[in-house]
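Please build the complete structure, drawing on both the sequences and the hints.
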Amino acid sequence: MQRIGVFVCWCGSNIAGTVDVKAVAEALKFEPGVVHSTDYQYMCSQAGQNLIKDAIKEHNLTGIVVCSCSPRMHEATFRKTAQSAGINPYMVEIANIREQCSWVHKDMAIGTEKAIILGKAAVAKVNLNAPLTPGESPVTKRALVIGGGIAGIQTALDIADAGFEVDIVEKKPTIGGKMAQLDKTFPTLDCAACILTPKMVDVAQHEKIRIFSYSEVESVKGFVGNFNVTIKKHARYVKEDLCTGCGACVEKCPQKKVANEFNLNMDNRHAIYIPFAQAVPKVATIDPSACTMLKTGKCGVCSKICAAGAIDYTQKDEYIEEKYGAIVVATGFNPISLEKFDEYAYSQSKDVITSLEFERLTNAAGPTAGKLLRPSDGKHPHKIVFVQCVGSRCSAGAEKGKEYCSKICCMYTAKHAMLVRDKYPDTEVYVFYIDVRTPGKNFDEFYRRAVEEYGVHYIKGMVGKVTPEGEVLKVQGSDLINNKQINIDADLVVLAAAIEPDKSARPLATKLTASMDTNDFFTEAHPKLRPVESPTAGVFLSGACQGPKDIPETVSQAGAAAAKVIGLLAKDKLLGNPCVARSNELLCNGCSNCEKVCPYGAITYIDKDFRMPDRTTRTRRIAQVNPAVCQGCGACTVTCPSGAMDLNGFTNGQIMAEVDAICK
Amino acid sequence: MTNKYSVEEIIKRSGANPLKCMKCGKCSATCPAYDEMEYHPHQFVSMIADGDIEALVKSDSIYRCLSCFACVERCPRGVEPAKLIEALKLEVIRKKGQNYLTPNDIPNMLNEDLPQQAIVSAFRKYTK
Chain P
1 MQRIGVFVCW
11 CGSNIAGTVD
21 VKAVAEALKF
31 EPGVVHSTDY
41 QYMCSQAGQN
51 LIKDAIKEHN
61 LTGIVVCSCS
71 PRMHEATFRK
81 TAQSAGINPY
91 MVEIANIREQ
101 CSWVHKDMAI
111 GTEKAIILGK
121 AAVAKVNLNA
131 PLTPGESPVT
141 KRALVIGGGI
151 AGIQTALDIA
161 DAGFEVDIVE
171 KKPTIGGKMA
181 QLDKTFPTLD
191 CAACILTPKM
201 VDVAQHEKIR
211 IFSYSEVESV
221 KGFVGNFNVT
231 IKKHARYVKE
241 DLCTGCGACV
251 EKCPQKKVAN
261 EFNLNMDNRH
271 AIYIPFAQAV
281 PKVATIDPSA
291 CTMLKTGKCG
301 VCSKICAAGA
311 IDYTQKDEYI
321 EEKYGAIVVA
331 TGFNPISLEK
341 FDEYAYSQSK
351 DVITSLEFER
361 LTNAAGPTAG
371 KLLRPSDGKH
381 PHKIVFVQCV
391 GSRCSAGAEK
401 GKEYCSKICC
411 MYTAKHAMLV
421 RDKYPDTEVY
431 VFYIDVRTPG
441 KNFDEFYRRA
451 VEEYGVHYIK
461 GMVGKVTPEG
471 EVLKVQGSDL
481 INNKQINIDA
491 DLVVLAAAIE
501 PDKSARPLAT
511 KLTASMDTND
521 FFTEAHPKLR
531 PVESPTAGVF
541 LSGACQGPKD
551 IPETVSQAGA
561 AAAKVIGLLA
571 KDKLLGNPCV
581 ARSNELLCNG
591 CSNCEKVCPY
601 GAITYIDKDF
611 RMPDRTTRTR
621 RIAQVNPAVC
631 QGCGACTVTC
641 PSGAMDLNGF
651 TNGQIMAEVD
661 AICK
Chain V
1 MTNKYSVEEI
11 IKRSGANPLK
21 CMKCGKCSAT
31 CPAYDEMEYH
41 PHQFVSMIAD
51 GDIEALVKSD
61 SIYRCLSCFA
71 CVERCPRGVE
81 PAKLIEALKL
91 EVIRKKGQNY
101 LTPNDIPNML
111 NEDLPQQAIV
121 SAFRKYTK
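Keeping their order, the protein sequence lines are chains P and V.
Just so you know, we're using the working numbering here: the first sequence kicks off at 1 and counts up by one.
Just so you know, we're using the working numbering here: the second sequence kicks off at 1 and counts up by one.
These are computed hints drawn from the structure, not numbers from a lab.
Fair warning: there could be bad hints in the mix.
Unchecked claim - Think about it this way: if two alpha-carbon atoms lie no more than 27 Å apart in a straight line, the pair counts; the simulated BS3-like pairs of lysine-lysine are: (1) Lys465(P) to Lys20(V); (2) Lys484(P) to Lys83(V); (3) Lys402(P) to Lys23(V); (4) Lys484(P) to Lys89(V); (5) Lys208(P) to Lys221(P); (6) Lys282(P) to Lys172(P).
Put into structure tokens, the structure is as follows:
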């Protein structure tokens, strides 16, 4: 029989204002198992905690019920109190008589009655509580970063600088991501390459960092501290350790009509290529869909020209298995496809472009060597119309756009508009906006400069349609401030396309059992208080995979994710949550239902030999829970048809006892 | 709020929700009959949402809508301005002498410069 102590907290007047705390303490005195019951003004204070400790010693208590605020608030506090007085922390139960009682009631009589009932339920549960001890698991002190854009780069550098080994897996032939494609960065207008490429070099030279470029995560097994990851390294048909990145093969390759994805298909590259001059690793890659040698067996020019002997047409995809303690997702974003936006004539005219295409057109390393020329005829445009919110803030249908604000477009459009006016003062620039959203340090000042100093025409309204007519693009839009419909004959139309998570994110989330929202952005463990952690233990989030972000925000979040990873890897052992599921193997019928509902992949089935009463041996299929992976959600316990699955700390028996106590 | 017309009733009948509007003006940017109107599609939506339709009811603008539904097609928020205006138009016509429109009224309402609603509607209906 337990010896239970009940402690009723006033929480100042928070509880005592609506609940007669003395009556509650008095009523609970007569519950089975209760040997001591008292009340106090602030139970969580030092004095209140001492009151509990003294009572434990004086009355030889084995279980504690604290009637107070939500367990979210102070369960950990009171567990520690109990532990320091020599009681197992899982022998403490909280009856929430604040959030779920005093705060929602006005009438003292009703509030008191309910508080007594909640207290009785907690007492009934403690009577069935058993001491629990959290399990320990070791930590592999290495981290995996998936994605090599600015988010992944910053996270990897920060973790590596703390002394832990980091591997970056990047699916493209080079790290750098979207930032490598940008021209200038707001709000200071420093060139993206000038601030990014030194970081890429830092990554390449860091002794704790390895880069797996042109690679993808094939499978993830294990759990926090102990992930087993298979990385698929795509055959690039070039030996990375031999290639010096001299580029001779690229120059001589006869197949030079391959759309160049780095320049968003606005020019061509060779079948063997290095995406851009500052690529890391600076190693050539053969595109197997374009290489004549790989397709027909006739060519081999690159192999002949390569002084290092790095070309290997027989290379195969390689699978590498590695162990990690933590995984950071940094898979980034892409602009949405604009094929569905007929009204803007994106598919009809080469001179209707996306903002990312515009970045390449103004980039010194882009297809026009930084001169702003129309893609159709190479002429300098004199009238440019920018359209914001193309596909953003669109609730009319998922097939057209995204319901969220893409966040970065207002600022980069202001940047584009300003740069055009600065470089080509003879060009008229119009920006159609719904709202200009520029919160951020020096952001609104930046946008205002575009209007006030550079004379960009900001028009409150939307473009309704763009009609290509000969050399011009007829733009029809509304000017809501002047209550007019306006028509502009533009030479170039730039669409600020909404951004969406990279397509690789969803299959990756499945592999990681990490949750996502309906837009395929990774979900954080808490939107405010745990923004860089996934609800899946050991999986962290960095950059735009979690939501639209600009570079300053991405870098801050990347550092925050690194800090969380370092905090994890600095531990030698992880203490688990002992409130996990356990299966009674004698009751388990091997149906697999629990395995299917488990959102964390914590349940596996094994074949186990059982000694039968007639002295024969029978092999039965039974469920096994990995306590390090289980998060104690209880989905399996309610699914199990044979009642074999139970949750430590929340057993079916305990829950039923609580219900009985409430209904009595 | 007008006494004569129930804005709630009009909104209900239209099946559209003017509160979805984020005031981007794409309806007015799209409208082919814009220049013929005193009040424009984005104003229709805003006036109905505010319950302030007296001026709109008296205006010819509601008959200038061709029911081409370009605004419905392109509205990023699914507001369906043309459906709102159609509901309002019906309400106004029905209230006239507690009866439908008489054929004699029609010639006066014709605008030679615009294609007629019936024709546009027929196109919409039969060209899918």
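Cross-check of the supplied hints:
| no. | hint | result |
| --- | --- | --- |
| 1 | Lys465(P) to Lys20(V) | holds, 22 Å |
| 2 | Lys484(P) to Lys83(V) | holds, 22 Å |
| 3 | Lys402(P) to Lys23(V) | holds, 17 Å |
| 4 | Lys484(P) to Lys89(V) | holds, 23 Å |
| 5 | Lys208(P) to Lys221(P) | holds, 23 Å |
| 6 | Lys282(P) to Lys172(P) | holds, 12 Å |
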